[in-house]
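Starting from the structure of chain A, add chain H where the hints point.
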Amino acid sequence: MAIWACWLVTVLALVQCWNILNENTIWDFVYDAPAQAGDLIGRMFPPRWSVLPSLWQPLWDTVNMATLGTLLGVVIGVPVAFLAARNTTPSVLLARPLALTAIVSSRSINALIWALLLVTVLGPGVLAGIIAIGLRSIGFVGKLLYEAIEEVDTKQVEAIEATGASGPQRLIYAIVPQIMPAFAGIAVYRWDINIRESAVLGLVGAGGIGLQLNASVSRLAWPEVTVIFAAILVTVFLSEWVSAQVRKRII
Amino acid sequence: MLTISGLTKRYGSKNAVGDLALTNVDLTVPKGQLMALIGPSGAGKSTLIRCVNRLVEPTEGRIALDGVAVTGTGATALRRARRRMGMIFQEYALIERLTVMENVLSGRLGYVSFFAAWARRFPRADVAEAFRLLDRVGMRGMEDKRADELSGGQRQRVGICRALIQNPALLLVDEPTASLDPKTSRQIMRLLVELCAERNLAAIVNIHDVALAQMFVPRIVGLRAGRVVFDGPPEGLTPETLTAIYGEEDWTATIRALEDDDG
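Chains as they are written, first to last, in the numbering used here: chain A, 1 to 251; chain H, 1 to 263.
Just chain A, same shape as in the assembly (with noise of 0.2 Å):
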């Protein structure tokens, strides 16, 4: 009896969604959908590659955008890991909290937001997306650092204090050495990340690849846009190779 009851629940509150699905669905548009997206299809063709040498500077700034973004939430993320493992931490009711606050937050907020506040306050260009791409890693590298800090074989720790070692010479010699794969790995994955991330950003104004497509969708010059597509595509492929071969060599 219960079981039916869930049933009529269950198709009730389909129902309903459908019925609300309708009212914000205008079905003119999804009924030539199919021909919308093959007209676009065929104004993007045959590219536009004349563009593309005023790419690579776009180019080069969205990568230096990625990996100075990825240095920024590295350097103070991995401080704001160590307070927040609950084995490094200087203090439990204190520093840990407050490290866990900078964490949620920093990776509540997507890439895109930062970049969108950050623009408003600093102005457009590449600055911004920087700053952006930083404080999204800082959570990023926080969070999967401090897991594997507190993850660490207590034996190694306890061998070492027992030799009389001071707190952060615990920290350097029994702790570092065991987290260091942990770390390259995260490390060169959010720069794989941002790599992809920054190339969005200036769809807001952060500079970058993600400007000039915002320009050429704007001027509807779809052949451009093509090759910009292209353009970010070898890109992240590139960087996923990068990513991949240094992951191998340091693990």
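Take these hints with a grain of salt, some might be off.
Simulated restraints on C-beta separations [to be verified]:
1. A:90 <-> H:148: 25 to 33 Å
2. H:135 <-> A:71: 39 to 47 Å
3. H:148 <-> A:18: 55 to 63 Å
4. A:20 <-> H:19: 57 to 65 Å
5. H:19 <-> A:109: 44 to 52 Å
6. A:236 <-> H:148: 31 to 39 Å
7. A:245 <-> H:141: 27 to 35 Å
8. H:148 <-> A:20: 54 to 62 Å
25 Å max Cα-Cα, derived PhoX-like pairs, lysine-lysine [claimed, not checked]:
9. H:145 <-> A:155
10. A:248 <-> H:145
11. A:155 <-> A:143
12. H:183 <-> H:145
These are computed hints drawn from the structure, not numbers from a lab. In this text, a Cβ means the ideal position worked out from N, Cα and C, and glycines have one as well.
Just chain H now, with coordinates in the frame of chain A:
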């Protein structure tokens, strides 16, 4: 000389009587004496040696090494006291991703600054001593290998070097052979006995293997449920005393094995 008096360790809350790991333990280990600590799992052997260098904080009691108090001191004094006690672990507890040399030199951390440790710039004399010790335990030419490339016996030799380079007065040895095969176990025990004799070192050795303890160690202390129930030479281990330590069991085979080895 190590003196332990009235040592009690209670895990958990102050009122929980059931969590007593050690009850009023009194022990004296003179300079140069090798002492084996035997007893069933959970008898408090590991807790006892961890209380000596305060990896586990004692609840009550006093511990002193060569007249210098280990208990009731601040962090700096504790680190000074720990420098005089080398510790050797069952699972070796080497830093797996560091080299043999770095692992041995970590025994000097109590004597060098943070930056020296960070840059791995240890005094020349320490490095020379590390080479000497590695040579002594039969690990010549292995100093640049990473710890995770070594076999169990080799790792324990590195662990012994790390403890000895501290220039300790006392070794705390926690199940040194429990992860090793019988042959390597005997080699490691023999090495420990020799090194203690060479350096006139006192040692407390936690050990599961009664026959091995009888073979190598002149004094045996039996622990049961956190209390000392036997303290004497290996010849004193009769079926009755083993029953007192471990509980009822047929002990004749264990003792006969020892007599066979002697003959």
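Comparing the hints with the structure gives:
no., hint, in the structure
1, A:90 <-> H:148: 25 to 33 Å, "holds (31 Å)"
2, H:135 <-> A:71: 39 to 47 Å, "holds (44 Å)"
3, H:148 <-> A:18: 55 to 63 Å, "holds (60 Å)"
4, A:20 <-> H:19: 57 to 65 Å, "holds (60 Å)"
5, H:19 <-> A:109: 44 to 52 Å, "holds (47 Å)"
6, A:236 <-> H:148: 31 to 39 Å, "holds (35 Å)"
7, A:245 <-> H:141: 27 to 35 Å, "holds (33 Å)"
8, H:148 <-> A:20: 54 to 62 Å, "holds (59 Å)"
9, H:145 <-> A:155, "holds (21 Å)"
10, A:248 <-> H:145, "holds (21 Å)"
11, A:155 <-> A:143, "holds (23 Å)"
12, H:183 <-> H:145, "holds (24 Å)"
No hint from the list above goes unmet by this structure.
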